[in-house]
Amino acid sequence: MDHTEDTAALEPDPDARLMLAARAGDEEAFRALFRKHAPRLVGYADRFFRNRAVAEEVVQEIFLRVHRARGGYEPRARFTTWLYTIASRVCLNELRRRRSRPEDGLAQASAEAAPDPGTIPGAEAALAGRELEGVVQRCLDRLPEHQRLALVLTRFGEHAYAEAGELLGVSEAAVKSLVFRAASAVQQALAEAGADVPGAGGPR
Amino acid sequence: MTHAGDPFREELVALLDDALPAEARSRVEAHLAGCAACRQELEGLRRALRAIDGLPATAPGPGLEAAFEARFARERARGLRGVLRWLARPAPALALGGAAAALALVLVLVPGRGPSAGDELAVAQHLELVSDLEVLEQLELLEDLEAIESLGEEG
Numbered sequence: 001m002d003h004t005e006d007t008a009a010l011e012p013d014p015d016a017r018l019m020l021a022a023r024a025g026d027e028e029a030f031r032a033l034f035r036k037h038a039p040r041l042v043g044y045a046d047r048f049f050r051n052r053a054v055a056e057e058v059v060q061e062i063f064l065r066v067h068r069a070r071g072g073y074e075p076r077a078r079f080t081t082w083l084y085t086i087a088s089r090v091c092l093n094e095l096r097r098r099r100s101r102p103e104d105g106l107a108q109a110s111a112e113a114a115p116d117p118g119t120i121p122g123a124e125a126a127l128a129g130r131e132l133e134g135v136v137q138r139c140l141d142r143l144p145e146h147q148r149l150a151l152v153l154t155r156f157g158e159h160a161y162a163e164a165g166e167l168l169g170v171s172e173a174a175v176k177s178l179v180f181r182a183a184s185a186v187q188q189a190l191a192e193a194g195a196d197v198p199g200a201g202g203p204r
Numbered sequence: 205m206t207h208a209g210d211p212f213r214e215e216l217v218a219l220l221d222d223a224l225p226a227e228a229r230s231r232v233e234a235h236l237a238g239c240a241a242c243r244q245e246l247e248g249l250r251r252a253l254r255a256i257d258g259l260p261a262t263a264p265g266p267g268l269e270a271a272f273e274a275r276f277a278r279e280r281a282r283g284l285r286g287v288l289r290w291l292a293r294p295a296p297a298l299a300l301g302g303a304a305a306a307l308a309l310v311l312v313l314v315p316g317r318g319p320s321a322g323d324e325l326a327v328a329q330h331l332e333l334v335s336d337l338e339v340l341e342q343l344e345l346l347e348d349l350e351a352i353e354s355l356g357e358e359g
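Each protein sequence line maps, in turn, to chains A and B. Each residue of the first sequence is one higher than the one before, counting from 1 in the working numbering. Each residue of the second sequence is one higher than the one before, counting from 205 in the working numbering.
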C-alpha cells in the first residue's frame, strides 16, 4: 500500500528531531531520548516481568537496540511508535528466553507481586484506591500468559490489535478475543471484590 | 427469543478500544441499542479497562542512567573495536573495502564481461568478512525495522 499522505500527516515531533540528530551521530540527543523515555519504559517493561531490576536491564537493552538501529530510523511514524515496537520485541524475546531457562525464572517475582490474596476485601467493603489496584494487579498476574501479554501490548504499549498480533504471532481476531477475556477476568475480579459500582475506577 | 449477545460480547472491548472497522462497529452499536445485557456488560468492561489503565507504573531506581551510561560506553568501545578490526584485517588487496567489493560485484554481474576467478574469490572473501561484522546481530534489528516499516505504512 502506498499512502502519499503519510509524510504530509507528520506533525513536528521533537523526539523525531532528536532521533534524527542521534542518527547523525549526536550522542547527547540520544541521551536526551534515554532520559525522556527510559522511566516510562521501565514501567512498561515491568508489566511484562513484574520485577523492577529485570525491567531496568531490559530497558537498557532496548536503548542499545535503538542506538544500533539508528541508521535505519526514518520519521515515518511517531517516534514513540517506533520505540515501543522495538521495546515490545525486546520484552517478548527476553520473556521467551527466560521461560526457556528456568533458573532465570520469574515465578518468584510474581509471587512477590501477589503476597496477600487473603486480604481481598469482602463484597461489602468499599474499596480504597490501593486495594482496588491490588485486586486488578493480582488478577493480571494470574491471567494466562497470552491474555496478559495481549492486554499489556494493547493498553500499555499502545499497539493496535493487528500490531499486537504480529508481535505475538497470532491473528488480529485472536488478539481481540484475548484482550476481551483479560478485561472480562478483571471485571469479574472487581465484581467479586465488591468494586462493581459505577465509577469504582475513580477519576484518573 | 434467544439472546443474540454472545457473538457480540467479544466485540465489546474492541468497541471500547476503537478497534472495530466501521461496518462491525455499527453492527455492534445496533445490537447494543436493543440489548440491555450487552449494555451492562459494556459498562462493566469499561470500568475494568479504566482500572487497568489506572494501575500505577513502576518507576526506575536512581542508578538507571549511570548503569546505562556504563553499558553504552562498552557498546561504543565494542563498535569501535569492530571497525578497527575490520580496517586492520589481513587482506591488503581488499583495502578499498566496500568500493572494491562493489566494483567486483559489478564485474561479476555485468554480462559480457566475464569476471576472472580472482574477482569471484575477492567477492566471496569480502562477503565473509562482512558477515563477521556482527551481521547476525543486525539481522534481528532488520526484523524490527521491517515491523516498523509496516507500522509506518499504516501511519
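No lab work stands behind these hints, which were simulated from the structure alone. One or more of the hints may lead you astray.
A short list of chain B residues far from chain A (calculated; beta carbon distances all over 10 Å) [stated by the list, open to error]:
#, residue
1, A226
2, R229
3, H235
4, G238
5, G248
6, A292
7, P294
Derived lysine to any residue pairs resembling SDA-like cross-links, with alpha carbons at most 20 Å apart [as the list claims (entries may be wrong)]:
#, chain 1, residue 1, chain 2, residue 2
8, A, K36, B, A240
9, A, K36, B, G267
10, A, K36, B, T262
11, A, K36, B, A263
12, A, K36, A, R52
Covered, in the sense of this in silico footprint (three residues per stretch, anywhere, with C-beta under 8 Å from a C-beta of chain A), are these stretches of chain B [to be verified]:
#, segment
13, 211 to 225
14, 264 to 271
Just so you know, even glycine gets a beta-carbon here, dropped at the ideal spot from N, CA and C.
> So which of those numbered hints doesn't the model satisfy?
Replying inline: 5, 8
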